[in-house]
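Given the coordinates of chain A, work out where chain B should sit on it, guided by the hints.
Chain order of the listed sequences is A and B.
In terms of this note's numbering, the first sequence has 115 at position 115, counting the first letter as 1, and numbering is strictly consecutive.
In this note's numbering, each residue's number is its place in the second sequence (first place is 1) plus 1000.
Source of the hints: derived by calculation from the structure; they are not laboratory data.
One thing to keep in mind: the hints can contain errors.
The list that follows gives simulated cross-link-like pairs (lysine-lysine, PhoX-like), each with its CA atoms no further than 25 Å apart [said to hold, decoys possible]: (1) B:K1127 / B:K1089; (2) B:K1121 / B:K1109; (3) B:K1121 / A:K243; (4) B:K1003 / B:K1121; (5) B:K1089 / B:K1049; (6) B:K1127 / B:K1109; (7) B:K1089 / B:K1109; (8) B:K1003 / A:K231; (9) A:K154 / B:K1121.
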Amino acid sequence: MSRNTEVFVIGGGPAGLSAAHVAAKLGAKTLLVDDSARVGGQLIKQTHRFFGSSNRDAGIRGVTIAEKLQQDIEEVSDRLTVLENTAAVGFYHNKEAGILSQKAYERVTYQAAIVCTGATENSLAFDNNDLPGIYGAGGVQTLMNVHGIRPGQKILMVGSGNIGLIVSYQLIQAGVEVVGVVEGMPTIGGYLVHASKIRRLGVPIYTSHTILKALGSDGVTGAMLSRVDEKFQPVPNTELEIKCDCICLAVGLTPLIDLFQQAQCRMVHVGELGGLVPLHDSAMRTTNPDIFVAGDASGIEEATTAILAGRIAGARAYETIHGKSPQAEAIVAEAREELRTLRSGSTGERIRWGRERVLKEVGEC
Amino acid sequence: MLKNDGIISPEELSPVVPPADRLARGPVAIIECLQDIPCDPCVSACPVKAIKMKEGITDRPLLEFDTCTGCGLCIPKCPGLAIFVVNMKHTPGMATVSMSYEQLPVPEKGQEVTALDRSGKDVGKVKVVRVVNPPGYDHTAVITIEVPADQVNNIRAIRV
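Looking at chain A on its own, in the form it has when it is part of the complex (with noise of 0.2 Å):
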C-alpha cells in the first residue's frame, strides 16, 4: 500500500505537532507519523509549569500544552492525518519515504518532509552501570507520570541540568525520597529556582562529584561517589557511599539523527547544540531542499523552542508548495522574534553561539 500527501511530518512532539498544525492550517495534505501510542512527545510527562513567554505557554503545565497541541490537530483533521504506533523506518529517493506500524509496512510519497525525530538519552560509563535499578530519565518519567510506576524508594540523581532538577522534584512529588543530585561541574546546570525548590525539601546537591560505581550484584544497593579536580578525575580518599535501590541519569541528550544521514542531508558536530545536527538554514530547511527539520533534531533545546521551530518549518514546508504566503511569512516572522527573545539574555548563550554556527556553516556550503 502507498499513501501520498503533501506534506511528511515526522514525530508528533511539539515541534512536529506545531509543523504539522501549521502546514495543515495553511491548506497542505499533511500526515504524521508517531511510533508511540499517543503523540505529545515527552510533553505528555512534565507535569510541571514551564517557563518561557505569558503569550505562549509560560506558566502553564507541560502536560495541558500538550492537550492544547492536541486540540490544535484536531481543528485541521480534514487535510491532516495523524498515524500513532508508525514509525518512519527510511528515507528513499524521489521523494518517498517507508513507514511501519504494528500492522503493515507502507510506502509515502511526500513533496516536503519535516522531520521532528527529537532526541535520545545520553548514557554514562561507570562500574556496574547495567545494573537493574538504572535509569534514563526519561525512563523515569514515563514510569512515573505516564504509567503511574514509582521506579523504586531512594533514589540518587546524576546530572543537575534542568532535567535532573525537575525529574528529582517530580519523584518526590510522587513519594520517592530522592538521596541526592550529583553533578560533575563545580556549579549547578539547571535554572537556580528548580535546584532550591528541591534543595529546601531535603535534598543535597554534590557539585564537583561523579558517579564511581553503583553497588549491588542483583539490584542496586547504593552509588559509591567521589570528588572531582577541575579535570574531572576523581580525587582519591574522598569517596562517598550513599544508599539508594535506583540511579537515574540525567547527563544529556543527543539529536535523534539517522533519518537526516539516510536522506543524505549534510550533518554539523555541534557540541552546543548537543552533538551532530543536519545543517539548515533560518528556513529549517536542510540541505536536502525537500527536508526540513525541528524541534531537539536540530539542536537539543526545550519544548517552547521546538513549537516556534515547528511553526516555521511548518509554514516554510507549505510555501515550497504552493508558492509565497503573507500567512505563512506572518506566522515565521512571529515565531523568529519569539525565538529570538526566548534565547536572549545568559542563560540562551550556548544556543546562540550554536545556533550561529550552524546558519554559518550552512551559508559556506
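Chain B alone, transformed into the frame defined by chain A:
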C-alpha cells in the same frame, strides 16, 4: 552559594528583601529569582503592575516594594516556585509566610506542619493559617504558615 548548592546565601538574598520599613507595613512579596532565565508569568500575574522586567523576558523580575500589596496572586504563577509573601504585621512576635505547595496531602487550615529552611533542615513545628487551592491554580496550592517573626526569611518550605 546558590549556584553551588542551591541555597541562597544572605548576601545573595538581600537585594530582593524589602527594606525594614516596608516589611513593617504588612504583606509584601519576596521574589527569590536571581538568575537571567527566559520567564515572565509573574509580570502579568500582578494586578498592580509592581513586577517589572527592564531588559525583556530574560531579565530578573524587579519588585517595586511600595507598589506591591502582598496579595499573593503571583505566588502560584511562578514556574520556579520562587515567590513568597511575608507579613510581619500578623500578631506581636509572629509573622506569616505564604508559599506554593505541590505535594499531597495538602494540609488543612489549623494543621501543624514541619517548617524547613532553605537547606531542608527541620526548624520546628508551625501552624497553617490559610490554604488557597482553587481549580484556577491548577494543583499549586498556596499555603500560609504562622512563624516566629525572626524566622520569616529563613523558613521556605513545609513538610506535612
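Identify every previously stated hint that the structure contradicts and give their numbers, smallest first.
-> Of the numbered hints given earlier, the structure breaks none, since each of them holds.
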